[in-house]
Amino acid sequence: MLVEAELIQRAKQGDDQAYNQIVQAYRRRILGTISRLIGRPEDVEDVGQEVFVRLYYSLDQLREPEIFEPWLYRLTVNAAYDYLRKQRRRPEARMSDLSEQQVMLADADAGTLAQREDIRKSKIRDFVQSLLGSVSEEDRVLLTLKEAEGLSLKQLEDVYHVNENALKVRLFRARQRVLKAFAKSEGAGESPGA
Amino acid sequence: MSLENSREERFNRLMGDYRDACPEVEGSADFMPGVWRRIEARRRSVFAWARMSRQVLAAAAAICFLFGVVLNTAINSSLPVSSYVEALDDDDALDQLHPASYLPDGDRE
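Going down the list, the sequences are from chains S and P.
Here the numbering used here is used: the first sequence runs in plain steps of one and ends on residue 215.
Here the numbering used here is used: the second sequence runs in plain steps of one and ends on residue 490.
In isolation and in its complexed conformation, chain S is listed as follows (with noise of 0.2 Å):
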C-alpha cells in the first residue's frame, strides 16, 4: 500500500488533512489507470476527480484499512464504467476513425525521432483502445486491468468480489472476443505493426 493503515483510519474520522495526503499518493496511479480505462486523455483529470469525490464520501463504508486499495481500484472501475456508457452516446473522430491519407499527413508533419515515436506510440493506443472499444464495457475493464494494469487474478478478485474460477472463466471469455476482434483487424491490415 502507499499510505499507512493509520493514515486512511483518520480519513474515516474525517482528518481532511489525512485526506489530501491520500489523494496526493493515489493521484499518479489512479489517473493512470483511468488513462488506459478510458482512452480519453482530455476526460482522465475530471474522471479522477470523481472518483477521489466518491472516495470521500463512502470512506466511513470501510470497514477494514488493509482492503483499501481494491475498494478504491473498485471506485475508479465504477466511474470508468459510468463515463463509458455516457460516452458511448457521444462518437467522436479518433486517430483509428481517421482516413489512411490523414494519418500520412500527421505522419509527414513529424519530423524527428521523439514526435515519430509519440506517433507510434499514440497509434498504438489508438488501435488498442479500437479493439477494446468492440467488445463490452466490461470486458473492457477487465482486460484493461488484467493486461495492460498487470493486476493479478487475487488483485482483480479483490476488486470484483468474485472467487478466482468465475473471474478465470469471465477473463478467459473477454480476451476470446477481443482476439476475434484482434485477427479481424490483422486481417484487414489495421494492426499497427502490420
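These aren't lab readings, by the way, just hints derived from the structure by calculation.
Note that CB positions come from ideal geometry on N, CA and C, so glycine has one too.
Be careful, since some hints might not be right.
[Stated by the list, open to error] Some chain P residues near chain S, calculated using beta-carbon distances under 7 Å:
#1 M396
#2 A402
#3 P414
#4 I420
#5 L469
[Unchecked claim] Mimicking EDC-like on lysine to aspartate or glutamate, the simulated pairs with C-alpha atoms at most 20 Å apart in a straight line are:
#6 S/K167 / P/E389
#7 S/K144 / P/E405
#8 S/K205 / P/D471
We have chain S already, so just place chain P on it with the hints.
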C-alpha cells in the same frame, strides 16, 4: 493451433506496448482544488435536500395536527350532549299540540 498461439503472443506483446505507450498522467495543478470544489458542491446539495425534506416534514406534521383538530371539533359538535329523556323533555314541540289532536273529556267545552 500454432497460428492461434502466435496471435496470442502478438496480442500479449501489443498489450505490453500499450502499457508503455500510455503516458503517465500527473493531473493539473487544479486537480486537488477541483476535488474539493466537487466535495463542497455535493455537500451543499445534500444539505439543501436535507433542509427541504425537514421543512416538508414539518409542514406535513402541522397539516396533520390542524386536520386532527378540525376533525375532532366537528365530531364533538355533532354529537348529542344530553341523554334521550332530557332531549325529549326539552323539546317544546310536544307541548304545543295540534288543535285537532285528542284531549281528555274534562277539558272539552
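Could you tell me which of the numbered hints above are not met by this structure, giving the numbers in increasing order? Those not satisfied are hints 3, 5 and 8.
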